[in-house]
Amino acid sequence: MHSYHVFEECGNSTETLITFVQSRFADFQHNCQPSPLSASGCVRESRAMCLKAYAGLIGTIMTPNYVSNSSTEVSQWCTCDGSGNEWQGCQRILHMFSSNICLRE
Numbered sequence: 674m675h676s677y678h679v680f681e682e683c684g685n686s687t688e689t690l691i692t693f694v695q696s697r698f699a700d701f702q703h704n705c706q707p708s709p710l711s712a713s714g715c716v717r718e719s720r721a722m723c724l725k726a727y728a729g730l731i732g733t734i735m736t737p738n739y740v741s742n743s744s745t746e747v748s749q750w751c752t753c754d755g756s757g758n759e760w761q762g763c764q765r766i767l768h769m770f771s772s773n774i775c776l777r778e
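Residue numbering for the sequence shown follows the working numbering, beginning at 674 and increasing consecutively.
Hints are supplied without guarantee of correctness; some may be wrong.
[Stated by the list, open to error] The calculated SDA-like cross-link candidates involving lysine to any residue, where the alpha carbons are at most 25 Å apart (straight line), are:
no.	residue 1	residue 2
1	K725	D754
2	K725	I774
3	K725	C763
Derived by calculation from the structure, the hints in this document are not laboratory data.
Can you build the whole structure from these sequences, using the hints too?
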């Protein structure tokens, strides 16, 4: 799984990119928190805001992908293979996409 540390190792020229991806991912985390208790499936009760945040990740290292013919199955394009001691954190990030009821209709 790629992390922000990958960008940090490349030097200062990527600082803007790091900030951009981190802010887009933070927006996704904020607006796409799943909740089985809400009608929308989202803690913030705004599926539209979640989808906007999700769309904001497109074109970044965090670009989500459809993993099947179902429009409700999304995940990151990468896996956690080779993430070493960051495996659990990597799994949490993947789970934000693959098991997120806020992203489903």
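Restraint check for K725 with I774, where alpha carbons must lie at most 25 Å apart: The hint holds at about 15 Å.
Pairwise hint evaluation, D754 against K725, where the allowed Cα distance is 25 Å at most: Violated, at roughly 29 Å.
Distance restraint between K725 and C763, which requires alpha-carbon spacing of 25 Å or less: holds (23 Å)
Consistency note: the structure conflicts with earlier hint 1 alone.
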